[in-house]
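K.L.:
Assemble the complex: chain A is given as a structure, and chains B, C and D must be docked to it using the hints.
Residue numbers (the working numbering), protein chains in the order written: chain A, 1 to 147; chain B, 1001 to 1147; chain C, 2001 to 2084; chain D, 3001 to 3084.
Some clues are possibly wrong.
[Claimed, not checked] Which residues of chain B face chain D? A few of them, derived with a C-beta cut under 8 Å, are: (1) G1026; (2) I1109; (3) F1118.
[As the list claims (entries may be wrong)] Anything over 12 Å on all C-beta distances counts as not near chain B; from chain D, calculated: (4) T3029; (5) Q3040; (6) A3045; (7) D3059.
Bear in mind the hints are in silico, worked out from the structure with no lab data behind them.
The C-beta atom is built at its ideal place from N, Cα and C for all residues, glycine as well.
Chain residues, written in single-letter form:
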Amino acid sequence: MIRVSVQEAPLDIAAEHRALAQSGVGGIASFTGLVRGDDGVTTLELEQYPGMTGRMLTRLAEQAAERWSLAAATIVHRVGPMAVGDGIVFVGTASAHRADALEACAYLIDRLKTDAPFWKREWQGGESRWVEARACDDSAAERWDTK
Amino acid sequence: MIRVSVQEAPLDIAAEHRALAQSGVGGIASFTGLVRGDDGVTTLELEQYPGMTGRMLTRLAEQAAERWSLAAATIVHRVGPMAVGDGIVFVGTASAHRADALEACAYLIDRLKTDAPFWKREWQGGESRWVEARACDDSAAERWDTK
Amino acid sequence: MLTILYFAWVREAVGKAQEEIAPPPSVTTVAELVGWLATQGEGYAEAFADPGRLRAALDQEFVSLDVPLGSAREVALFPPVTGG
Amino acid sequence: MLTILYFAWVREAVGKAQEEIAPPPSVTTVAELVGWLATQGEGYAEAFADPGRLRAALDQEFVSLDVPLGSAREVALFPPVTGG
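This is chain A alone, in the form it adopts within the complex (with noise of 0.2 Å):
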């Protein structure tokens, strides 16, 4: 079971783990990536390219489910201002097999960063930047397709 949204409401990380436990099976992964407060970041804002986000987060999930035995996957990502300490992205995914369930979890977390249309900002107080990507990030990415 795949479920996917893209949210302005903060992430419910208990729900969503009672949602994931629902599949019956023996172990649930996750990866919730938080807002740091990092170089005196106040506020950190979701920009999203609406539509293609929840079309390409449901291809990541089900990608993950064609290549590790799931019995759920769950990506919720934020969008819009959220606070230091605020969850942005959570991944769960469930499985009989915990090592299915962790490698899956590490896989959309890895592929969420190159492969879904989100653009980060942070705000000091009055003054914005827009976040850059990282080439750590594309090599993580990209460890997925050598397997």
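P.N.:
Using the frame of chain A, we list chains B, C and D on its own:
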């Protein structure tokens, strides 16, 4: 920051995530093991070696913190009777680097299966049986020795 | 007519999120569209001066800048993505 | 005097969780302790008949059955662990 708990109370996944987020870093990985309802199991019971469990879990978390760059690591293991769908164990790691968080999380759950003195007993109505150790858990734990 | 969408600092430099455009017939690839857009005014010049900083999608699929526009109806131009 | 702890089905077969025992001087290793315990009654015979099914800890550290008891105060005997 290391947090270890062996408890009868249900896992509180949201609270564990909030505590890990206090570390201020960008990512939290977690793995939650759940009671499966296979083969008509109605209740799972967990026995521990009191005193030794807490120390072994703390040692595992310390080993993970030496091996990966972690801002925080949490291991919570339930004991006593639990229902189908309940969480048995929660492993959570916080890191500035998502690969560190995910790998350390995989390490902790793999090692915990072989290095912590817990025993599972499955109840099917009034009948019970002790769960047998699985060879695949030994090999999953050993893969971390050869790296 | 093409629907063109701009995101992040490209949107801010251009000063709009979306527009309908009929580029000249000489524009057949995404890169040529970018080059042509760069001549359409000050904000456009700023947004499209360095194609190396840009990424694109045709009808909501990522493409490299050298692909033909073909029969695409929606072109999006934006910086490398930074979600997750 | 040794404190001996039993867990899981070993505890159930023996019929107790813990006891204080002074084994004879000929018992110097964990395996020898297991062999001696197997002679201490019906439940013990059942619990300790097959040392291959048993694991042990000395003073709360896992050990293999061939190690000497040494100056350990607490010996635990149990099946392979199945937590997590």
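K.L.:
Confirm or reject each hint.
P.N.:
Each hint tested on the structure:
1. Interface hint at B/G1026: violated, since its Cβ lies 27 Å from the closest Cβ of chain D, which is beyond the 8 Å cut-off.
2. Annotation: interface hint on B/I1109 holds; nearest CB of chain D at approximately 6 Å, less than 8 Å.
3. The interface hint given for B/F1118 is met, as the beta carbon of that residue sits about 3 Å from the closest beta carbon of chain D, less than 8 Å.
4. Every beta carbon of chain B lies more than 12 Å from that of D/T3029, the smallest distance being close to 21 Å; the non-interface claim holds.
5. A cut-off of 12 Å between C-beta atoms confirms that D/Q3040 is not in contact with chain B; the least separation is 22 Å.
6. Against chain B, the non-interface label of D/A3045 holds: every CB pair exceeds 12 Å, the least being about 19 Å.
7. A beta-carbon of chain B comes within 12 Å of the beta-carbon of D/D3059; the shortest separation is about 9 Å.
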